[in-house]
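*Asks:* Taken in order, these protein sequences are the chains called F and G.
Position in the first sequence counted from 1, then plus 1410, gives you this note's numbering.
Position in the second sequence counted from 1, then plus 71, gives you this note's numbering.
These aren't lab readings, by the way, just hints derived from the structure by calculation.
Remember, it's a predicted structure, so these values are computed and weren't measured experimentally.
Note that CB positions come from ideal geometry on N, CA and C, so glycine has one too.
A portion of the hints provided could be inaccurate.
[What the hints assert, rightly or not] Lysine-lysine pairs mimicking BS3-like chemistry, simulated, CA-CA at most 30 Å apart:
no.	chain 1	residue 1	chain 2	residue 2
1	G	Lys-153	G	Lys-77
2	F	Lys-1709	G	Lys-198
3	G	Lys-499	G	Lys-475
4	G	Lys-452	G	Lys-499
5	G	Lys-265	G	Lys-77
6	F	Lys-1709	G	Lys-249
7	G	Lys-334	G	Lys-249
8	G	Lys-352	G	Lys-499
9	G	Lys-452	G	Lys-503
10	F	Lys-1709	G	Lys-153
11	G	Lys-265	F	Lys-1709
12	G	Lys-198	G	Lys-249
[Unchecked claim] Per the computed footprint, the stretches of chain F lying under chain G, defined by three or more beta-carbons under 8 Å from a beta-carbon of chain G, are:
no.	stretch
13	1462 to 1473
14	1480 to 1489
15	1702 to 1709
16	1741 to 1748
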Amino acid sequence: MSSSHARRLFSSRLRNARMSQGNTFITLSDEPAEVPEGPLHGVVLGIKDNFAVEGMRMTCASRILDSYTAPFDATAVSRLKSAGCMILGKNNMDEFACGSSGENSAYGPALNPLLPGRVAGGSSSGSAASVAEGLADAAMGSDTGGSVRCPSAYCSVIGLKPTYGRVSRYGLVDLSMSLEGPAPMAAWGAELTLARMMDAVSGPDARDQTTAFSTRTDAERRIDSFEPRATKVILVQNAVEQCSAEVAGAFERAISFLAERGVSIERRRMSSLRLALPAYYLLMYSEFASAMQRFDGLKYGRRGAGFTPAEAMADARSLLGPEVRRRILLGTYVTSREGWSTWYERALSAREQVSAELTSMLQECDYIAMPTMPAAPFALGERASDPVSMYAADILTVPANLSGIPAGTLPVGTGTGLQLLAGRNGDESIIAAMHFFNREGWKWRRE
Amino acid sequence: MAEGVKIGLEVHIYPRTVSKMYCSCSSDFLNASPNSRICPVCSGQPGSKPMPPNRRCIEAGLMIAAALGMSAAGAPVRTLRKHYFYPDLPSNYQRTAEPMATGGSLHGFALGEIHWEEDPGQYDMAKGRVDLNRSGVPLLELVTEPSMHRPQDAMDALDDLLLLLQYLEIDRRELPFKVDTNVSVAGGERVEVKNINSVNGVVRALEFEISRQSSLLEGGGRVEMETRHFDEIGGRTVSMRYKETSEGYRYMADPDMLPVDLKSVSVSCPENPFAILARMKDGGVREEDARVIISDRRLLSVYDSAAAVTGARFASVFVARDIVGELNFRKLPSCFIDGTLIGQLLPLASAVHGGRLSNSNASKLLRSAFDGRDIAPELAKMEGVFAGRDAISAVADEVIASEKEAVARYRKGSSGSLNFLVGLCMKKLGGKAKAGEIIAVLRSRLDGAGDQEMK
Ligand SMILES: [Zn+2]
Chain F
1411 MSSSHARRLF
1421 SSRLRNARMS
1431 QGNTFITLSD
1441 EPAEVPEGPL
1451 HGVVLGIKDN
1461 FAVEGMRMTC
1471 ASRILDSYTA
1481 PFDATAVSRL
1491 KSAGCMILGK
1501 NNMDEFACGS
1511 SGENSAYGPA
1521 LNPLLPGRVA
1531 GGSSSGSAAS
1541 VAEGLADAAM
1551 GSDTGGSVRC
1561 PSAYCSVIGL
1571 KPTYGRVSRY
1581 GLVDLSMSLE
1591 GPAPMAAWGA
1601 ELTLARMMDA
1611 VSGPDARDQT
1621 TAFSTRTDAE
1631 RRIDSFEPRA
1641 TKVILVQNAV
1651 EQCSAEVAGA
1661 FERAISFLAE
1671 RGVSIERRRM
1681 SSLRLALPAY
1691 YLLMYSEFAS
1701 AMQRFDGLKY
1711 GRRGAGFTPA
1721 EAMADARSLL
1731 GPEVRRRILL
1741 GTYVTSREGW
1751 STWYERALSA
1761 REQVSAELTS
1771 MLQECDYIAM
1781 PTMPAAPFAL
1791 GERASDPVSM
1801 YAADILTVPA
1811 NLSGIPAGTL
1821 PVGTGTGLQL
1831 LAGRNGDESI
1841 IAAMHFFNRE
1851 GWKWRRE
Chain G
72 MAEGVKIGLE
82 VHIYPRTVSK
92 MYCSCSSDFL
102 NASPNSRICP
112 VCSGQPGSKP
122 MPPNRRCIEA
132 GLMIAAALGM
142 SAAGAPVRTL
152 RKHYFYPDLP
162 SNYQRTAEPM
172 ATGGSLHGFA
182 LGEIHWEEDP
192 GQYDMAKGRV
202 DLNRSGVPLL
212 ELVTEPSMHR
222 PQDAMDALDD
232 LLLLLQYLEI
242 DRRELPFKVD
252 TNVSVAGGER
262 VEVKNINSVN
272 GVVRALEFEI
282 SRQSSLLEGG
292 GRVEMETRHF
302 DEIGGRTVSM
312 RYKETSEGYR
322 YMADPDMLPV
332 DLKSVSVSCP
342 ENPFAILARM
352 KDGGVREEDA
362 RVIISDRRLL
372 SVYDSAAAVT
382 GARFASVFVA
392 RDIVGELNFR
402 KLPSCFIDGT
412 LIGQLLPLAS
422 AVHGGRLSNS
432 NASKLLRSAF
442 DGRDIAPELA
452 KMEGVFAGRD
462 AISAVADEVI
472 ASEKEAVARY
482 RKGSSGSLNF
492 LVGLCMKKLG
502 GKAKAGEIIA
512 VLRSRLDGAG
522 DQEMK
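Extracted from the complex, chain G is given alone in its bound form (with noise of 0.2 Å):
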């Protein structure tokens, strides 16, 4: 491996927005026939103003700069116009918010920025079209520091990313975002590719740049200060043959824009995912399967009530790869799952834990809860007696006695409160009852007259 390798990355995130930056066209550009998705501001006809930013993309920003440890602006954030000529580029100015946060770390990799600004459209040379259905779409920018070595580095920044996005719920699936990366190895000039699309294609750009970057200096030849553009077919980056600088761009705040208040603008930050990670690799769940939980809050939301059924590891495993195999299978999207499920899924879940359960009946009762059937008869028939009421109710009055504070938060609306308690329950009885009998007696003492209402 060549030596003094630096590696900076500039993330442009897609965040999930309905509407572009500065108008109300939709940001869907991947799903549209060319030009349907523009109007007189995305399209940079003479005399169109920009609307005020997009909310919900600075929502994001925030979002992604507090998870990171970054520290918002405190002064207004004024939107700059960044001068280029481009065939692709309505008014050929981009409009290019100043930092919204600095500092913080991704992966333990010191980041220097976040801001948004807009895509400019898409021009395809070979035909000289241009489609501006992307022109305006939102993007956030998170710029690191030079502060990585190896392609491994950047790829594991850039998982821990995705994470966050998927987290967060703030990701456009079908592209998160696109990323330009700059390297520079000892006794060369820096030098960035542009427009990666994916994660793997990142990890290759790098490779190709480093092992090119070495050859020439061992040869005694120079690397020069450049652009490169990465042929995703070919694995390798090719020169775009001239120099930018930021002195040509003659960057001037944009008398268009009001600067925005960030202090106006409030989100809610979800616990910290990577806190939530850590916390379960201690408790002896694989890093993959943590990341495919942390990854979707449904998900994540399934695993705290199984694992306060079966323990932390068993309960990866069967959320990460028993059920989300059933839902890739049928193609199903996590809300799939209901509390109905839920309750099917957590004696199952038990009884295996438990022993009581062989696999291939657990997998065949998995999938015929999956079919929407009754699973708990069959389930009895195969582990044995169920608990009567009496039993349940016994333990249903010491559990509510216990958990304080569920039960607290389940009267203020919380239903992952119910499953909790359903599942502390469920755990005492050994698995040995039906979910639905377990909710009904927590309900009619928890909720009083809540027995009339469910009939």
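In isolation and in its complexed conformation, chain F is listed as follows (with noise of 0.2 Å):
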């Protein structure tokens, strides 16, 4: 692709992006003024909103950035950009990305380009949705607790959250520093994007310590590299009891397609996931606290909206939303004296047996697969009011980021889909695996 084709197609992307009613993105880019050359040259991209993109507006989706412009671009940005990427903008999310359904946004939930009404996933709402829509080729998002594998599975494009520490949350806004980190999106059929962009962005940053280690991913090249024949499945059989009939129901055929060419299939219960999803809240509302402590309303918020430290911080606080508000409040009772050795100190060892238990099935497998999400998604404000059944969504996706291991999903049904587990660094296998499902021609929309 000429550059001069690239800047039209980002014009046009740009074009319609402005006249879409879908709320994906809180912040529009200029034109590029020039696009370099690159494995990923010409791919129009959307950025969630809680990363540094410099000299961009960066809102996290709340009141308290509502005027903040990054000084300085994210590592997963600045390389996506020299790799060839336009940035169409900075998509909208859940406050902080606290959420699990774009709802919990200050500027409007993004909407679900598949599902008119339901909720388009959460918290990287707006990646999702702005691929589905057509209007980016792929995005960059953040998952904490899968929070690009929910709105992904829910306008059925594919994401993958990748090993931790493979992929450098330098200029990521911090949610849950030891569970998040940058997380690409893609639409269906576009597995070569996917490997691309995670190519692009995997390996050592010396600006992000726990990226010390890793290597860089060689997914493209692998991309060709599933072998039916050769390889083994492990079935959550207790997290698919737990799904609707209809996610359950489209997983079963996504299974029966890998049974057809000769994947092995085994069905296991995991006897950790009961404690997946406490130990994941706990230890996030503990982290969360901790990196929202500098939003005081003296660094960031209104200026002269309070005399007195105290008005300023009481402020500050008003221009959170409620669900940011109740992490904070739980998170600081955690770590108090009083929460540390009854919910801390106990999440912790909870996180160990979890990650002990699929790091051991993992020894004896390729994959571990469940749903996504155990349900399509629900209706806008369904759950609103009711965050104890928002939580429970998460169900599924949490153990990947309690064990640090990389998971993608793809598109099993509409607003449904497949999740794939494998072991530390076994990230271009997943995406080998998604190549594998489309080479083989899956379907996933019923026919």
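With the hints in hand, could you dock these two chains into one complex?
*Replies:* Structure (structure tokens):
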């Protein structure tokens, strides 16, 4: 693609995005001055609004950062730019990534283009929805407990939560530092783009210590490496049992698709699954409260909103949505002296158990399979007043974050996904599995 | 003096580093316009991450720990987040490491631990302005047990610490440390006095606190646990009107930081300065002169050469007063004293020590030497005849034969050893030789081909 062609493409997407009713972007970009050559030349990209893009507004979908301009590029962003991507804009999301539906955005929910009236999933709601709507070819989201896999499933696109530490988090605004990371998404059929995105962004970065011992992925070269007859998948039976009939049915159809092509399938129960959700939420709250500590009304928020620090603080907190405030309060409690041994330490040990069980299962197989979300997307507003039922939807995505292993999702129906987990640094093999489905003519839309 | 006084110190040492603790900004916050030495990391921008901790700071901490007999942590050291709200703390948490070493003693007083941390920025409450140049500057916090009983004890301990930092060449001369001290008297609670910037300030703050607490108790009052601020100008402490408790900090391991395995950090620790101090005092050197000399490794090397010629006591006075006096007068750093100058100074010292030169002539020659003139001819005129080349060669052969170790060190490249050998020759020649000639003779014998190289 020539550079002028790339710029024309960008202009037409920008026009479409401006006219779109989907509310998938908070801020749109200017046209790029030049588009570097590179493996991702001309790919139109959405960036979740919790990544720093130098000179662009970064709101994290929160009123407290409504006027904040990022002074630097996140490492993932600068690497994607130099690989040739064109950034269309900053995607809508749940405020500070707190949510699984996209409804907790100060800028209103991103809409699901496939299922009108239904949520797009979260927290990378706008990223998934803008790809599904055809505005962006791909998007960079972030996944803390399913924040990329959930909206990918709800919007029927592909998404990968990489191995923890394999993609630099520098410039990704903290939600829960030990669980999250940048996570690419792309349209169904665009596994090659996903592979190239991983190859571009992964590998060591001096600005994120946790990447120090990582390696760059080799996903493009290994995209055809899925060998069905040499592959064993463990299917988590008690995960499937938690799902709606619609989800379970679509999931089983995809499993049969694999089995018919020679993949060996074994059904198992995962006994630590029940620990995953409480462990995840306790740790996430704790780290979140620490990360949010800086938004105190003196450094961010409205200037002159109060004369005393207490007034400024109260004003700043009033700029945050209820879910964000709920998580800060709970996290502060969990890490306080009263909460520490009762909750925080127990959560750490539960995390160990989940991690150990997944690791030992993965020693016996190539992939662990389960549905991505237990049910199809719910209606907008349906669960807004019930955080516990909202949290429950994350049950199948959080185990991968607790253990730092890669997990990807691909569509098996409208708004439903198949989730594949692999061992540490198995990112390439998950993309190869997605490509296998595509190559073999997988039809996720029922005729 | 009050009964049952217990004093502990928390010394925040500014190690001499180029950059900040977790980013590559300059750590020189004193000489910069406000907020000119900041980046996304040390200004706490959303999404920024800390870089691995400053290596030099960790090395400095390990050197201090080794010199004070502390034992380094066996397990990898984690970095914790200490949460509190303050305008000068960009993320509202401070990164502070677990102890890197524990135990040991300073001037005989038991130590608790040492760890690294980052300094917050500076908040000007009156103007409502924040300067983040200091944010992220490396600190080493050395904590003593409450093992001291008098303000003088604290002063002795801090003097020793200052000497150590200078000797190890890891201090920031313009601001070596700031001190928090805690003090209690029998029957009262512990009071903490924060942010004292000088040794003198620590002594004054402690004297004020001990007398304040004692009179409170004598008057039937109570001393409550509290944190006070030291008013440097008024020489008094003032209540900060809030209570700090460690439970409020919600310490947690920082997920963005990898633990540091101290075994992977190797430091070469020079000879313990306190042993050198003891040895010098045994040789009759006065403590204050010894401290001046030890605090500067260049002076220490000049002293060692001079002491070989003249003996410890004389050499210490010559270095700590005459030479240092000349340096201070000329506002010169000690590195001004190069090999050539040492070659001039040693015969001078020897002549004065041997009683062959008057004090006023000696001062005159010292000044000439610092002016860069060759003082040998004048020195010869003043003290008599110089030894000839043959006499020098004979003495040089004797010295080379008897000082095998120094010769070996010289051959490995130690220039100090040459000074040492020159000093011995000079001594045997009663100071009546030109150092330059001794050097030439020694080199021709030790280097073989050295003559040609020297022209
Ligand atoms: Zn910096």
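*Asks:* Would you list, in rising numerical order, the hints stated earlier that this structure does not obey?
*Replies:* Hint check: nothing fails, all pass.
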